[in-house]
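So you can see what is in the structure, the chains are spelled out below.
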Amino acid sequence: MTIKDKGISRRDFVRGTVTGVGVGVFAAAGFYSYSPWRNQLFPKIARKQADIGVCKSVKVTNISETSWFDNGLLISDIKKAGGLLVNQYSLNWPPFGDGQGLAKGSYEAGINKIKHLLPDRLDEAWALIEQNCVHTDNPGGFSCLVEIEDMEGEIHKILFDTGWSYKWMEESYKREGIDKMLANNEIEMLFVTHEHFDHFWGLPVTMKYNPNIPIMIPDTFYPEGKQYIKDSGHKGQLTEIGNGLNKIMPGVASFKFDVPIICRVFGEQDIFVNVKDLGLVSITGCCHQGIIKFAEAAYRELKYEKDTLYGLYGGLHISPFEDWDPKYDDLVISLGKYGFEKIGCNHCTGIVTAKKFIETGYPVVEGTARFRSKDKAYLGNGDTIEFRAPV
Amino acid sequence: MKINLSHIKPGVMVEHPANDIGELLQHFLSLIQFVPIVRFTIGWRGMVPSTRYHHCWTLKIKGFQGVFGLCLANTEINNHWSQATFRVCYFPDPDESLVERFSMAAVYYTQQDNYREHCREFLDYPEMAALFDVGNILLAINDAESAIVLSVQAPSRHKITSKDGIVNPTSATTEYLLAPDELDQNLPSFVIVYGLFKVIAATATFSLQQSPSQLIRERHMGHSYCFGVDGLKRQPTHFVDDLTLSLGYGEISMTDFSHNFNLDTPIKSSLQWQEGQPYPSIMRDVFWWNAHKINDLKAYDKRMMGIEERPPLYVISGFLGSGKTSFLQHYLEHEVQRGRFVAVLQNEMGQVSLDGKLMDQSYSITELNEGTVCCSLAGELRTALGQIISRFQPDVIVLETSGATNPLYLREDLVPLSEIVRFDSVTIVVDAGQYRAIEQYDVIADQIHAADIIIVNKIDKVSEAILQGIMTDLTKRNPHAKIYPTTQGYVNPRVIFSDGSETSDKTRVDNQHSEEPNMPRKHHHDQLTSIKIPFDRAVRRGDLIDVLDTLPSNVFRLKGIVTLESERPVLVQYVAGDYQINDFDSSMLEEQFLVAIGHDLTQVQLQLTQLAVV
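Line order of the protein sequences matches chains H and G.
Under the working numbering, the first residue of the first sequence carries the number 57, and numbering increases by one thereafter.
Under the working numbering, the first residue of the second sequence carries the number 155, and numbering increases by one thereafter.
Simulated from the structure, these hints should not be mistaken for laboratory data.
It should be emphasised that the depicted structure is a prediction, and the values quoted were computed from it without experimental measurement.
Every residue, glycine too, gets a C-beta built ideally from N, C-alpha and C.
Among the hints, erroneous ones may be present.
What the hints assert, rightly or not - Covered stretches of chain G (in silico footprint by chain H; criterion: 3 or more residues with CB under 8 Å from a CB of chain H, positions within the stretch not fixed): (1) 211-223; (2) 396-408.
What the hints assert, rightly or not - Stretch-level coverage of chain H by chain G, calculated; a stretch enters the list once three of its residues show a Cβ under 8 Å from a Cβ in chain G: (3) 62-71; (4) 122-132; (5) 166-174; (6) 261-274.
What the hints assert, rightly or not - Derived pair list, reagent style DSSO-like, types lysine-lysine, alpha-carbon separation capped at 30 Å: (7) H:K359 - H:K349; (8) H:K62 - G:K313; (9) H:K432 - G:K615; (10) G:K313 - H:K135; (11) G:K317 - H:K60.
Input sequences plus hints: build the corresponding full structure.
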């Protein structure tokens, strides 16, 4: 009697009779030798284990993680302007305002109002911006200082993003002494993760103190963004980084993803640091590609100390994608399997998520909630985190 | 009109066209994420990129119970065209009747416990994935980047005959599961992959902001397959067609178009369409013609396209201290992370919308201070909702009501508001530890009775037996509600709420509403009263603790913000004997006060006043 003769469904048959037999029995019966697609094998992945070298330690100083101060205001601006796909330069947000009101601006019209004042006369520029832009009190910015100690003990400083509001960033730079470090040529480069307003539009503040600093941007900036670098008075070297892995110095590499981001921005690059006898540390801007995808890229592409993904700093955006199975729809659970040993999160991570990390027992380094950072669950403005193997 | 990729990505794709054409589909799929209403309307129900493989996704779409797998198989360049071929698998739900159409081996996989997990990363299980293959989707772009072609290819049926039959491996005698020459698989492949293609094509139309200019559909002579000990044989057959359907976007000549995607088998029929002609009748109602217009308010009649613009309204109710604020915070962040914007309306007994202050300021909060919603006129609610909608255009509105609100009345109040919001569901949060103490109140009984979803929170505070008792009791009181036990107010919101723009669930509430007995009930708060004591000076920690330790049992709940001597402001939360004193962000401090809720609060008023003044 075949299954058909017995009048039972294949599903019931498999559930009832054969459970526990194993697919191997069917394999022996020649079950899947017939697949016409068998010759077209699916792609395979292999760990590439690229060697980026090592460094002794890395320290991150949070200059500002408060990108804006009122999320409701920001989102309502975006919604009124037409939604998440609207070009950021058209919003009439600081500094690109022409007085025409929300969503009626352009890079050209905005920069023309202030170009002659960049980068040195930022107070005057900001006064004009306050006349011409909407919601000038809302911008803050994302920026941090990354200090790499190489194997010889020498410190290399990287400025990681440059914030948004001229006023707020100037204040934040002064608080952390960044203005002097820039002026003294102590900072080796400005690394811009992506073109978003809160990570990039504060550029003239950096230019004011060191217009010759080398800048690294993803190669997917829009023409407005590239023009802004020129218009801000940059005189140094500009490097555009393409997809994938890019070695910066021993133990330090960036990784760029092509990913569409809200407000018509494209592509984000973040940094991996390989710390001697410790493991790999990730420093991210927003991680729009998703922290899980970033961690997987590390696993797939890099060789790192002790084969350990040790630490995280920065904004941990979850993947912008909808999951079809809510069981897996939780960053807290997903992140658990990587076994990070030290996490400093802030910016776009979400305070509730950060608190859940803490409740779940993840090794979150708490902050001090100063300088308008809202919660100790975040590594806040003015806080630092260091990754170094114990001696 | 040429295609324009500049709003999808900056620059051109000249450097690595073969690689970039693979990326392009990824960009389409990413962009649509930012526009939930369009995403939902054209049929997306879920999308997960593989974390391990590039250009690989699992996808859920409307009308299919199972999950699609999509991955890049190869890219090639010929005749000035760069082309990417994506393979499509369909992993049916284990209980879906379509499973019966798949081969025995495929059926075997569907019934394994780890089937869903394996589907998620199907490329890790190529032997399994191959059994669920349904067809190909192709994407091509020309050198000039002026045109794109999107195609689907699949057999009308994928038939596989087992020449020798399949013998039951568990049987001692020769028992055939499948008789010799019986069909092992008879899958309507094209219909399945076409379901996905329609959604992807609409996504492309939306991303490119233009509709297709060309269409070709061809039927070719297909094949059937037979396998036996001598291997697999393929034979042409008239009973199966190989179908292709191609859409051209941008400037593309018909010769160019048809030349690129020819199959080498004899053609049986062909359908061609060009811009300017009426749409082919069998494809008139697909979204690939107009998905780019969905977002444009003025240009298109959304109602005709079945688009729901009213934001859904979720009512979250729960007795004070039950944990509804924690639940709400989880929910808000969940939505914010997904680019959706939630507006929260609160009303809290005691005239202070305390939870509004506790909530991160980043969420929009409008407070309804004038009494509880159930007592307020629908007019006031309408004004508040109207303001919220015009000011923020939220994707979702949550109405948080205090534990003293009677949701049965609320439902009635909400009926006239159906023009501006879509009433979705009532969720009630219940504190397991307090359950015995509160179930006696009529208002609680009503809340439980009126709920669509019941969250039993703080289950760590009670024994398994007590929890079981609570669950039984709840089920008895409201057999229709979904009940979720949890701790710390955390339930994945997507488990309990429909998508922000979903329309299918609305009948749930409407039906239930009509079942409610239409008899007027006197609404009272079960003699619960509240008092609010303002504090204008710091208090000693010891004094505060003394008061909290000696509060009488008729104080059900106490909550507020005070400043302790030589310390920062603290948040005080007390529920029937348990209390917490936590730091409170001083930058958010507006006033200091304590609110007590319970019955007969005269004595407590004295205690608190003393604390405030002395």
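Right, here's what the structure says about each hint:
{"no.": "1", "hint": "211-223", "in the structure": "holds (count 4)"}
{"no.": "2", "hint": "396-408", "in the structure": "violated (count 0)"}
{"no.": "3", "hint": "62-71", "in the structure": "holds (count 6)"}
{"no.": "4", "hint": "122-132", "in the structure": "holds (count 5)"}
{"no.": "5", "hint": "166-174", "in the structure": "violated (count 0)"}
{"no.": "6", "hint": "261-274", "in the structure": "violated (count 0)"}
{"no.": "7", "hint": "H:K359 - H:K349", "in the structure": "holds, 17 Å"}
{"no.": "8", "hint": "H:K62 - G:K313", "in the structure": "holds, 22 Å"}
{"no.": "9", "hint": "H:K432 - G:K615", "in the structure": "holds, 27 Å"}
{"no.": "10", "hint": "G:K313 - H:K135", "in the structure": "violated, 50 Å"}
{"no.": "11", "hint": "G:K317 - H:K60", "in the structure": "holds, 16 Å"}
Violation of the numbered hints given earlier is confined to hints 2, 5, 6, 10; the remaining hints are satisfied by the structure.
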